[in-house]
Amino acid sequence: MKKLLAVFLTMGMLLSTAACSTGSTPAESGSAPAGSDAAPASSEEQSSAAPASSGDTLALWHYWNSDLQQGLLQDMVDGYEQESGVKIEVSYIPYGEYMQKILVSAAGNVLPELFLYDANSTATLVEAGVLADITSQIESSGIMKNTLPYVVEQHTVGDKLYGFPCYANCVAFFYRTDLIETPPTNWTELYETAKAVATDDMYGFAMAGEGEDGVFQFLPFLWSAGADLDNVAAPGGVEALDLLSKMIDEGLMSKDTVTNSQEDARVLFETGRAAMMLNGPWNVPPLQENAPDMKWDITMIPKADNGEYTSILGGESFGIGNGSDVESIWKFVEYVLEPSRYGQFLKDIGQLPADTELAKDPYYQDDPINKIFIDQLVVARPRAYGPQYNEMSKAIQVAMGLAMGGQETAQQAMDEAAATITPMYNAFFGS
Amino acid sequence: MKEKKPGRIALFFKRGKWVDYTFLLPAVLFIAVLMIYPIWYSIDMGFRDVTLKNFVSGDQPFVFLKNFQAVLSDRFFKNALGNTFVFVFVCLVFHFLFGFAFALYFNKNFKGAKWMRALLLIAWMNPTVITGTIFEWILAGDIGILNYMLTSLGIIPHAINFLSSAQTALGSIIFANIWVGIPFNMIILLSGLQGIPGELYESAVIDGAGAWRRFRDITWPMMLPTISVLFLLGFIYTFKVFDLIYAMTKGGPANSSQILSYYSYEKSFTMFRFGEGAAASNISFLIIIALALIYVHISKKEDVAA
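Chains A and B are the protein sequences, given in the same order. Position 214 of the first sequence, counting from 1, maps to 214 under UniProt numbering, and the rest follow consecutively. Position 290 of the second sequence, counting from 1, maps to 290 under UniProt numbering, and the rest follow consecutively.
Hints in this document: simulated from the structure, not taken from any laboratory. Predicted model only: the values in this text are computed from it and were never measured. All residues carry an ideal CB built from backbone N, CA and C; glycine is no exception. Check each hint, because a few of them may be wrong.
Simulated DEER-style distance windows between Cβ atoms [unchecked claim]:
#	chain 1	residue 1	chain 2	residue 2	range
1	B	L34	A	D367	52 to 62 angstroms
2	B	L34	A	D293	50 to 60 angstroms
3	B	L119	A	D366	52 to 62 angstroms
4	B	V86	A	A419	26 to 36 angstroms
5	B	L291	A	V104	25 to 35 angstroms
6	B	T133	A	M294	45 to 55 angstroms
7	A	T188	B	F89	41 to 51 angstroms
8	A	D366	B	L34	19 to 29 angstroms
Straight-line Cα separation of at most 35 angstroms, DSBU-like style, residue types lysine-lysine; simulated pairs [said to hold, decoys possible]:
#	chain 1	residue 1	chain 2	residue 2
9	A	K101	B	K250
10	B	K66	A	K246
11	B	K78	A	K101
12	A	K145	B	K250
13	A	K145	A	K331
14	B	K17	A	K101
15	A	K87	B	K250
16	B	K53	A	K246
17	A	K160	B	K53
18	A	K101	B	K66
19	B	K66	A	K160
20	A	K101	B	K301
21	A	K331	B	K53
22	B	K250	A	K195
So the derived list for chain B, only partly shown, Cβ under 8 angstroms to chain A, looks like this [what the hints assert, rightly or not]:
#	residue
23	D49
24	L146
25	Y148
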């Protein structure tokens, strides 16, 4: 009798652990308060076949961690819920595990209806089969009819659209107005200005050089000189890398550039250790806060001597989970993107519109800093190089490390990078 | 006689022995689900073509050694493998030397020894990401305090860019990791030292043995089992260091501070070549298994000898 009891107890323990693990699946995806009706008792069968939520509840995933961002998103959701009666369950997932979570959810067929993603990873997410093709919805609703062409390209794979921008951003050129009267407009002037202004305690110029941050800030130089990822060892690419390596070698830029992030570049600038820098609009508020008395202004990134003005596109976008009911969430998308509501959202969240009509707002046109970023955004190009972009980027990172560290010439470093990148480029664009 | 064999199984059930075994089930299940399955999954993935494209669909063809070939012919893999061995070797040597020195010191049980020992352990208990970030700040070229001290004392004329120079990046990470690992080595060695009976030393003193003789003929041989366990654990811990590199250099500049763990992370989660990343992990797994087998072999011999 005792033995039988023991067996039952053991079995009971096993069952309860098993039950816990299945029971927690729907709950862990939601940051909604406990007891929400998102996980009905019989959710097991439903969730295996259907998206993350079922019935009247739609799922929205994001990785925004600031109170401001989360609050604005929640306001949107609350407003829509009141108007439509449809429930939207918002879930926060930390950025570090976002991609893994999305991939695993896709494999388990429980993708959310709507989710935020880094605009640069459109092709990667399409390759993984995570994003739904929403070309017809975007075209019939006209939500991207005024969107900047490069931003449209950022969301296009093949001829199809897989996402739409939440907001866009780009980098521009910051300089100290008390030290520099006329900011440089081309590379020669950049070099000479840096040389004139640099002292023992201050670099002429600062930018990011580590990881994707570094490539993000390097590509505008490469593009400006007429090169592209089809051949980074073309003269333009080599000149761009050579210019920066030379400035590092001569002490006009920090030797630590290859380990500096964009925040590190800002710290050099705001502590008076660099007279010029490349950075994005998200670093303007901390700069104003940390160095309230510093006199600075922004302008377009200096172009190659015979080149054109460029910048690089960043930003965040929304995509729709592949396999979910696009129509069910589309009304919410249209609600969010209703111009006056969306325009106010962008101002509140402090980001730039990718929409040329919204950019005409005096809020952007009459503000000297916003105006430059809006102008810079028009020439900002996407990193739309297909699903292997991260590997291409890694090859450029290695080349930057080698040339900026003085181990190889810019030509040698770029030749090696091109050997990796060009075949991937050709495979994606099919030449 | 032959009929008795199945009888054993019948007996097994009749005597109720099977009930005893059911008590093992939770533990077995726990290990199977949380340890054996992930390891098996990773080994299996190394032999399949797993990319972003087929990760979601699950249709991952078996490619046998293709991933291993791709990894082994990658020059950055060779670079990472070489770095790993330099990293592990230098770290282990310094961990042991400093750890042993500290252990001998704290074995003296002077006033406040316990407090100081506990304080030293903080280095080891700190989350490695925080340690890495602190060392990044200490060693930074422009804002680092080490450079500030060295240049203002006139020891070096210009700041050294420890983390952004390919010559010093790996060395800087080794330096940080040595600092992290010393307390752990100290504690393990100290517990070994305190396990040596004091009478041995007393009788050695009576026999006229000096400090060096006592160390060579009592401390060292009595400590050998502890030391070999420590080296095995140290090897495994050092081999899989990841967060320190992530926080300090991200393997850069130009992969100069990349070791195997970081290499497979980057293959899997930056480049999404899951198959190749798993193949690289399998190679590290093999190396660790090989070392563990050598250890088991040696310790068996010792048991026989003793």
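Outcome of the hint check:
{"no.": "1", "hint": "L34(B) <-> D367(A): 52 to 62 angstroms", "result": "holds (55 angstroms)"}
{"no.": "2", "hint": "L34(B) <-> D293(A): 50 to 60 angstroms", "result": "holds (56 angstroms)"}
{"no.": "3", "hint": "L119(B) <-> D366(A): 52 to 62 angstroms", "result": "holds (59 angstroms)"}
{"no.": "4", "hint": "V86(B) <-> A419(A): 26 to 36 angstroms", "result": "holds (27 angstroms)"}
{"no.": "5", "hint": "L291(B) <-> V104(A): 25 to 35 angstroms", "result": "holds (33 angstroms)"}
{"no.": "6", "hint": "T133(B) <-> M294(A): 45 to 55 angstroms", "result": "violated (26 angstroms)"}
{"no.": "7", "hint": "T188(A) <-> F89(B): 41 to 51 angstroms", "result": "holds (49 angstroms)"}
{"no.": "8", "hint": "D366(A) <-> L34(B): 19 to 29 angstroms", "result": "violated (60 angstroms)"}
{"no.": "9", "hint": "K101(A) <-> K250(B)", "result": "holds (23 angstroms)"}
{"no.": "10", "hint": "K66(B) <-> K246(A)", "result": "violated (41 angstroms)"}
{"no.": "11", "hint": "K78(B) <-> K101(A)", "result": "holds (31 angstroms)"}
{"no.": "12", "hint": "K145(A) <-> K250(B)", "result": "violated (41 angstroms)"}
{"no.": "13", "hint": "K145(A) <-> K331(A)", "result": "holds (18 angstroms)"}
{"no.": "14", "hint": "K17(B) <-> K101(A)", "result": "violated (44 angstroms)"}
{"no.": "15", "hint": "K87(A) <-> K250(B)", "result": "violated (42 angstroms)"}
{"no.": "16", "hint": "K53(B) <-> K246(A)", "result": "violated (41 angstroms)"}
{"no.": "17", "hint": "K160(A) <-> K53(B)", "result": "holds (18 angstroms)"}
{"no.": "18", "hint": "K101(A) <-> K66(B)", "result": "holds (28 angstroms)"}
{"no.": "19", "hint": "K66(B) <-> K160(A)", "result": "holds (33 angstroms)"}
{"no.": "20", "hint": "K101(A) <-> K301(B)", "result": "violated (48 angstroms)"}
{"no.": "21", "hint": "K331(A) <-> K53(B)", "result": "holds (30 angstroms)"}
{"no.": "22", "hint": "K250(B) <-> K195(A)", "result": "holds (31 angstroms)"}
{"no.": "23", "hint": "D49", "result": "violated (14 angstroms)"}
{"no.": "24", "hint": "L146", "result": "violated (13 angstroms)"}
{"no.": "25", "hint": "Y148", "result": "violated (12 angstroms)"}
Comparing the model with each numbered hint stated earlier shows that hints 6, 8, 10, 12, 14, 15, 16, 20, 23, 24, 25 do not hold.
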